[in-house]
Structure formats: structure tokens, C-alpha cells
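In case you want the letters, here they are:
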Amino acid sequence: MTEMISEQPRSLISLMRGVSSDFDDTVVISAQGTASFGSMEIPMPLVLEKTKLLRGIQLISTFGAVSSSDILEQQNMQLRNENIILKEILNKIEERLSTLEASQPREKVIVLRELSVDDAKKEIKKLFATGRTLYYSDIARELGLDLRMVVDICDALQTQGEITVDDRACQQG
Amino acid sequence: MTEHVNKGDALRADRIAASARDISDIRVVNRTGAHKGQSTILKDNAYCVIEVPLKIITNKK
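One line per chain: the protein sequences are L and S, in this order.
Position in the first sequence counted from 1, then plus 11, gives you my numbering.
Position in the second sequence counted from 1, then plus 468, gives you my numbering.
Looking at chain L on its own, in the form it has when it is part of the complex:
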């Protein structure tokens, strides 16, 4: 179709191509009308007018692109604000969760050792040798022994005169 256009308008079309990268030659040809198309020549004023029109279209399309980018920017800002709010909520939830976790009793697993009575007695005596005042539960926890076994061994040690009740600790409560 471009073969039907004279040399002068062809240079203008290349100029218009420079104006708009997505310029379509068929637009000019269809715009000139069937009468001019038949004479194989496009009048200059018509080309200039169409060039202006195309520039206008380009400007409108640019304006449209700006407005759509504005909308996207607005949506982006909205999402950012929502993100900030959600982060704040998440932080509050994390704080509450950590407070709740701190208030919950923590389970500590003590693996009871299977020691013979003699070995357990030796270890209990060693523990008392540090000079500390100990309850049954302290001994059971520290040595990982069964509470009943600790009580039995401590009774035996009391009978043997190895250990005694700490009266001072009893008075302190």
C-alpha cells in the first residue's frame, strides 16, 4: 500500500514514524479518503492535519498511561499502608503470644536414671557433702532419681546418723 503514496508524503510518513514509534501507515491511507487514494497523491495539508491528530492521539494515550500509573501508584500506597497496619497488628499479636507463653508453666523433662540403691546413696552423700540444705525434691531433681528412692535412702542416712533435719531451715519455713 505504501507504493501508492507519492515521494513527498512518504518522507512525512517517515517523519511521523519518528514522532510515534508505533505509527501505522494504514492510518494515513484510510484517512485520506477514497478520492485522494484514487489520484495516488496525498495532499500536504491533510497529512499535516493527520499528523496533528496522531500527536493528539499520542498525547491522549500518554495521558491515559499516566492516569493508569497514577491509579497503580495509589493502589500501591494503599497496599503499603495496609501492610504497615498488618505489621503493627502482627507485632501486637507476637507480644501477646510471648506474654502468654511466659505465663504458661514450662514442662521440663527429667529422665530418671536407673541406679542401684548403693550408687544412688553414694551420689546423695556426695551431694550433701557440698554442705547444702536439701529437700527430697531437690535431690530427686538434681540427681535424676525417683522421689520414693530418694526418700528411702535419706531415711536410711538419717538412721545411720549421716544426715539430719536442718532446724534453722525449718524455722525459716
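Derived from the structure by calculation, the hints contain no laboratory data.
Owing to the predicted nature of the structure, the values given are computational and were not obtained by experimental measurement.
Please note that the accuracy of each hint is not assured.
Straight-line C-alpha distance at most 25 Å; calculated DSS-like pairs for lysine-lysine [what the hints assert, rightly or not]:
(1) S:Lys511 / L:Lys132
(2) S:Lys523 / L:Lys133
(3) L:Lys119 / S:Lys511
(4) S:Lys523 / L:Lys136
(5) S:Lys511 / S:Lys475
(6) L:Lys137 / S:Lys523
Model the placement of chain S on the given structure of chain L, informed by the hints.
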């Protein structure tokens, strides 16, 4: 040392050590006035002992 195994026997002390196969959730109990206490149940092979502070006899001959 006396071991109470009959149903209805009770222990009363300031400090009792306990062990059992299963211990139920601890519940807060409102006692007189502003005092609050806690209660729980020990189940299966429960063992409780009134705690005694013990120390070594150093000057043993």
C-alpha cells in the same frame, strides 16, 4: 516413716513433694478473701511426701 495408703488419708504440710504418672491441669481456686490457691489431681502410682530440709552432719565421729 509412716506411709498412708488408705483411702481418705490426708497430708497437711507447708511443702509436699509429689510424683505421679499423670498430673491433671492446675486450677486456680479462690479461697477466703483475696487468697487464691491452686489445685490438681495426681493419678496412677501417685506418691507424696512431706518435705524435710536435710543437711549433712559435719562433726560426726
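Do the hints match the structure? See the list:
no., hint, in the structure
1, S:Lys511 / L:Lys132, "28 Å, violated"
2, S:Lys523 / L:Lys133, "15 Å, holds"
3, L:Lys119 / S:Lys511, "19 Å, holds"
4, S:Lys523 / L:Lys136, "10 Å, holds"
5, S:Lys511 / S:Lys475, "14 Å, holds"
6, L:Lys137 / S:Lys523, "12 Å, holds"
Hint compliance for this structure: hint 1 is the single one not met.
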